[in-house]
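Engineer: Sequence:
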Amino acid sequence: MEEIHAMQESLLGKGTFTKRKNMTAYHEQMTHNWWAEDDIPVHNNSRVTYLVDGRSAMLTICYHLLKARKYIYIASWGMTPGMELVRGTDHRAGPDGSPEQEALLAELRIHGLEQADIDFWCTHDLSVQAVLGYAVSKGVEVKILLWDCLVLPRLASYRPQDAREQLTQVGVTCLLDDSTRGIIHHPTESLHQKISIVDGTHAFVGGVDPLIELSGDFDRWDSPSHPFSSPFRRNKAGTTPHPWHDAHALIEGPAAGDVEFNFRERWNDVILRHSREKDLLIYEHPSALPLESKTMMQVARTIPEHTYRFDPHAGIQGIAQIYRNALGNAQHFIYLENQYFWLHSYRGIDVPLLGADSPEMEGIIRQLGEALRRGATLALVLPDHPNVGRAYTDAGLTRLRAEALEAVEQGRLQVFCLGTSTRQDDGEHYRPIYVHAKVAIIDDLWTTVGSANLNNKGMRDDTEMNVVTLDAELARGLRMMLWAEHLGLLGEEELFGVARYLGHQYQRQEDEALAKRAWQTLQETLGDPLIGHRLLTQRAEDNLRRYKANQPLLGHLLPYLTAQEARQQGLYFREEHGWLEKV
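Counting in my numbering, the sequence shown runs from 23 upward without gaps.
Fair warning: there could be bad hints in the mix.
[To be verified] With a straight-line Cα cutoff of 30 Å, these simulated BS3-like cross-link-like pairs (lysine-lysine) come out:
{"id": "1", "residue 1": "Lys89", "residue 2": "Lys316"}
{"id": "2", "residue 1": "Lys160", "residue 2": "Lys316"}
{"id": "3", "residue 1": "Lys92", "residue 2": "Lys300"}
{"id": "4", "residue 1": "Lys538", "residue 2": "Lys316"}
{"id": "5", "residue 1": "Lys538", "residue 2": "Lys89"}
{"id": "6", "residue 1": "Lys89", "residue 2": "Lys160"}
{"id": "7", "residue 1": "Lys165", "residue 2": "Lys89"}
{"id": "8", "residue 1": "Lys300", "residue 2": "Lys89"}
{"id": "9", "residue 1": "Lys92", "residue 2": "Lys165"}
{"id": "10", "residue 1": "Lys165", "residue 2": "Lys300"}
{"id": "11", "residue 1": "Lys160", "residue 2": "Lys92"}
{"id": "12", "residue 1": "Lys316", "residue 2": "Lys92"}
[Said to hold, decoys possible] Listed next, with one range per pair, are the computed distances between beta-carbon atoms:
{"id": "13", "residue 1": "Lys570", "residue 2": "Pro117", "range": "42 to 52 Å"}
{"id": "14", "residue 1": "Gln573", "residue 2": "Val64", "range": "45 to 55 Å"}
{"id": "15", "residue 1": "Glu563", "residue 2": "Glu287", "range": "30 to 40 Å"}
{"id": "16", "residue 1": "Asp200", "residue 2": "Arg256", "range": "26 to 36 Å"}
{"id": "17", "residue 1": "Gln542", "residue 2": "Ala115", "range": "24 to 34 Å"}
{"id": "18", "residue 1": "Ser120", "residue 2": "Pro253", "range": "43 to 53 Å"}
{"id": "19", "residue 1": "Arg596", "residue 2": "Arg256", "range": "18 to 28 Å"}
{"id": "20", "residue 1": "Glu187", "residue 2": "Glu306", "range": "28 to 38 Å"}
{"id": "21", "residue 1": "Asp301", "residue 2": "Arg203", "range": "20 to 30 Å"}
{"id": "22", "residue 1": "Gln191", "residue 2": "Glu563", "range": "47 to 57 Å"}
{"id": "23", "residue 1": "Gly260", "residue 2": "Glu514", "range": "18 to 28 Å"}
Read the hints as simulated data drawn from the structure, not as lab findings.
In this text, a Cβ means the ideal position worked out from N, Cα and C, and glycines have one as well.
Take these sequences, add in the hints, and give me the full structure.
Structural biologist: See the structure below:
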């Protein structure tokens, strides 16, 4: 932290974020159109809590699944029923009667779990199958909608039919949604939403699906410190999968009903199309009571054309619309985290020249270029090692840089990846952190988190859902949480504590006091995004030097290097994996 303060001092006076000082401009931005039209309404009576990484997201989801009293609806790209949602000291903090375990039990009570729920927590594994089976045993209706995907090479260990069978064993009603099948569909179209609804009052939207792929190589559960190796993340070979960075959101209030509305439309469409039993249909439930909130928010979605009978002929492109509006409104600062950044449309073969330019992504890249030419600053975090499409991302970045040469020269356009390291007997070892998050923050005011990637699939060809908020405190808080994680400013439990503090979640009094102090420090260090942007850049450059010298990384930030840039740096580059790996 001292090093960061020194870096910060050196940057003062080199330009700061003055939007808040110009309240006229701020209020003008508040009146701009940030929303998708003609699908789902905008709310000012609901709340949103952003959840960073799988540990926080799955723990919060598990609380609500166990508390369910009426119904649980889940739609997911994939699901591993045996995946543990809660691990380590979050599941069991110590022996019975120990102060740590008693504190955990008190926390569960604060979160609203009844004694029977707590007894289950303490005596069972908290896998997806076990938790949903427990809900069914209490009389809760549980319906799951899974994408009926073709078996792909990278999903060879996952079959939705197996997941359905395991869920059915504990009384869950599970449907496989085959709406992407047929010759009129994009060849790689998927049902990519990751949503959960509990009793109509709470819903979850984001990038986290309860899935482990390739015999454990892609485990969505990970903690903010993203350790190189962890006893809580083990694949069948006994090794730790790649670290996994993600983001999710909890929605409370009437807007949760919009997520349920989307699920109901999809579920009923599958039931009617396959002439299934009419008693499986879902009917509209009463809306949740309005909540006091200062957040304006909306749920936005992508529904490809010809996928469901409820969508218009051209489909629904609400997420592309909210990106267009937000980027058009951007004046000062844009922060993006995404799994992909593809200019070309993906056709299932990892060669970009085979795909035509995606009109949606052409528009987004053009708007990013326009914002940069207006003087805005952009930071973009991408995976060095995506599962597919490394060359697609390089092509997108090449086009973006060509759109804003002056911003590149001035250092206002920076692209990063994430990595982790550990010291072993034969030296330092490195691994990429898989960036699966889909986050956008504009001017510390507007935020979206969801399932939609920055490619043709997220904007047009996959079924997606994002949540959008217009709330300066939420936007700024999420940005600083993410940057604190990437810069390595806080330890594992400090990061987790800050996330819970910002989400107004219960903590022991002493833990909350520590989290509050850590948060105050972050505000002093990262409150100005332009100074923070330079801190990110300096840390990434320093870590690249450390990587070359076989020294430990400080935090996780590194520059994203295209194939050409990596080779110019003298780094070994693999077309399918990137450059960041020494194990």
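Engineer: Decide, hint by hint, whether the structure agrees.
Structural biologist: Evaluation of the provided hints:
no.: 1; hint: Lys89 x Lys316; result: holds (27 Å)
no.: 2; hint: Lys160 x Lys316; result: violated (36 Å)
no.: 3; hint: Lys92 x Lys300; result: holds (20 Å)
no.: 4; hint: Lys538 x Lys316; result: holds (21 Å)
no.: 5; hint: Lys538 x Lys89; result: holds (28 Å)
no.: 6; hint: Lys89 x Lys160; result: holds (10 Å)
no.: 7; hint: Lys165 x Lys89; result: holds (16 Å)
no.: 8; hint: Lys300 x Lys89; result: holds (28 Å)
no.: 9; hint: Lys92 x Lys165; result: holds (12 Å)
no.: 10; hint: Lys165 x Lys300; result: holds (15 Å)
no.: 11; hint: Lys160 x Lys92; result: holds (9 Å)
no.: 12; hint: Lys316 x Lys92; result: holds (29 Å)
no.: 13; hint: Lys570 x Pro117: 42 to 52 Å; result: holds (47 Å)
no.: 14; hint: Gln573 x Val64: 45 to 55 Å; result: holds (49 Å)
no.: 15; hint: Glu563 x Glu287: 30 to 40 Å; result: violated (48 Å)
no.: 16; hint: Asp200 x Arg256: 26 to 36 Å; result: holds (33 Å)
no.: 17; hint: Gln542 x Ala115: 24 to 34 Å; result: holds (27 Å)
no.: 18; hint: Ser120 x Pro253: 43 to 53 Å; result: violated (20 Å)
no.: 19; hint: Arg596 x Arg256: 18 to 28 Å; result: holds (25 Å)
no.: 20; hint: Glu187 x Glu306: 28 to 38 Å; result: holds (30 Å)
no.: 21; hint: Asp301 x Arg203: 20 to 30 Å; result: holds (25 Å)
no.: 22; hint: Gln191 x Glu563: 47 to 57 Å; result: holds (53 Å)
no.: 23; hint: Gly260 x Glu514: 18 to 28 Å; result: holds (23 Å)
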